[in-house]
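Asks: Can you make the complete structure from the sequences, with help from the hints?
The lines below spell out each chain.
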Amino acid sequence: LTRDGYLLFLTRFLRLFACGSLSVVLVFYLVSLGLNESQTGLLLTLTLLGDTVISLYLTTRADRIGRRRMLIVGAILMAAAGLAFACTRNLFFLIIAGTIGVISPSGNEVGPFLSIEQAALAHVVPDQWRTEVFAWYTLAGSVATAIGALFAGMITNALQRTAMTPVATYRVVVLLYAVIGVLLVCLFISLSPAAEVYVAQEESSSPMSMKKFFGVGRSHRVVVKLSSLFALDSFAGGFVVQSFAAYWFYLRFGVNPATLGVIFFLGKHICRNICPGGLTARCEMGPGQHHGLYAPAFQHSVDSSAADAKSKVGCPGSSHPLHHQPDGCSREAVVHHGSGQ
Amino acid sequence: MAVVSKEERSAAAGITGVARTTGAAISPLFVGFMFARHSWINVPFFLAGALKIVYDLLLYKEFSAVQAPTIEDLR
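Chains A and B, in that order, are what the protein sequence lines are. Take any residue in the first sequence, note its place counting from 1, add 43, and you have its number in the working numbering. Take any residue in the second sequence, note its place counting from 1, add 39, and you have its number in the working numbering.
Calculated from the structure, these hints are not laboratory results. Each residue gets a CB set at the ideal place from its N, CA and C atoms; glycine is no exception. Any given hint could turn out to be false.
Unchecked claim - Distance condition first, Cα-Cα at most 20 Å in a straight line; then the derived SDA-like pairs of lysine to any residue:
#, chain 1, residue 1, chain 2, residue 2
1, B, K91, A, W172
2, B, K100, A, S271
3, A, K268, B, L68
4, B, K91, A, N200
5, A, K268, B, F102
6, A, K268, B, Y99
7, B, K91, B, A75
8, B, K100, B, V82
9, A, K268, B, I80
10, B, K100, A, V283
11, B, K91, B, R76
12, A, K268, B, S103
13, A, K268, B, E101
14, A, K268, B, L90
15, B, K91, B, H77
16, B, K100, B, G88
17, A, K268, B, V105
18, B, K100, A, S270
19, B, K100, B, I80
20, B, K91, A, Y293
21, B, K100, B, F84
22, A, K268, B, N81
Claimed, not checked - Part of the chain A face toward chain B, derived, beta carbon under 8 Å:
#, residue
23, S75
24, N79
25, R107
26, P169
27, R264
28, V265
29, L275
30, Y293
Replies: Now the structure itself:
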């Protein structure tokens, strides 16, 4: 693995560590700032919508403006949002910061990072290692999320013993999120231009795919159908978004963040890493049938790096939390296997 | 067997991706309202479960006929 490869692993680890730790305390923090539950819900919704728009904007332009620069912008937005959340208790400012900045209430990846990073990673890794590297890449991410949750629980607990108020301890985690954002900026800056070379070939195909946005041609119907199904699915998932689920544990059972850290650590570790790990292995071993369960994010890279099935990537290249699950694998398969010739 | 043709895949991935994140973004708004009333705090879990089941059934209904391609298809 090249230096860029290691850098991309490190940035993913740090980022998901930050997301994991933030997701445990975020709603606790907002509520202890004086927001009520409805306002918190509104804030989270706007945060997520904002993130969607921002990442759509950044990822569709990444190829033209440069991946490294887009990643840096994303990291700055993350740091800025963290800082803003730590500094204000005004709902209006929180909403602005949450919408423009990158804040993850779900403990999962948000923002433009994942797809750009994957495209870059796919480019700096030789074809024959790709599957393995992406499997590790996904594993690193979910381990980081789990450790982040554990860490957030432990640190708030430890700090609360030292006479700090709960709000202050949650704020420490929010600040940590911002600090990691700054760290990411530095790391992305030190990424070598090698990660970008790929861009030149992609440039022609990307704007075209944007033009087709509403006219997906003959696949139009199936795309509409799939989109509504996926929207329904993630709408359902959004009801148990991690930061709210954490708060529910508190409302319902009076569980404190320290214990929650442990719960999420164990839950994530077992559900994400052990089960889908086996699945990924199966995807790789399956005789042909499972090949090419690649995710949208680096569709380009996989396609263009020859149509050979060697460049398949198992489930790991997912851009969505649910893709870690078998379900996600198969439904990507529907789209991406489609007409594979 | 062309669910989405090859040249349309990245557009398809983009659109479905946006649909997904938008879907996930809307629900916390409702969760907020539910958590605000103490008798309703368990409702999000039931809703999530019920909607997921609906999703699974619909997905099965719509796509159960579709088969994954073999390695030869991909060549």
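Asks: Would you mind marking each hint as holding or not holding in the structure?
Replies: Against the structure, the hints come out as follows:
no.	hint	result
1	B:K91 - A:W172	35 Å, violated
2	B:K100 - A:S271	14 Å, holds
3	A:K268 - B:L68	25 Å, violated
4	B:K91 - A:N200	35 Å, violated
5	A:K268 - B:F102	10 Å, holds
6	A:K268 - B:Y99	12 Å, holds
7	B:K91 - B:A75	24 Å, violated
8	B:K100 - B:V82	27 Å, violated
9	A:K268 - B:I80	32 Å, violated
10	B:K100 - A:V283	25 Å, violated
11	B:K91 - B:R76	24 Å, violated
12	A:K268 - B:S103	14 Å, holds
13	A:K268 - B:E101	9 Å, holds
14	A:K268 - B:L90	16 Å, holds
15	B:K91 - B:H77	24 Å, violated
16	B:K100 - B:G88	18 Å, holds
17	A:K268 - B:V105	14 Å, holds
18	B:K100 - A:S270	15 Å, holds
19	B:K100 - B:I80	32 Å, violated
20	B:K91 - A:Y293	24 Å, violated
21	B:K100 - B:F84	24 Å, violated
22	A:K268 - B:N81	30 Å, violated
23	S75	15 Å, violated
24	N79	6 Å, holds
25	R107	15 Å, violated
26	P169	20 Å, violated
27	R264	10 Å, violated
28	V265	5 Å, holds
29	L275	5 Å, holds
30	Y293	10 Å, violated
Hint compliance for this structure: hints 1, 3, 4, 7, 8, 9, 10, 11, 15, 19, 20, 21, 22, 23, 25, 26, 27 and 30 are broken, all remaining hints hold.
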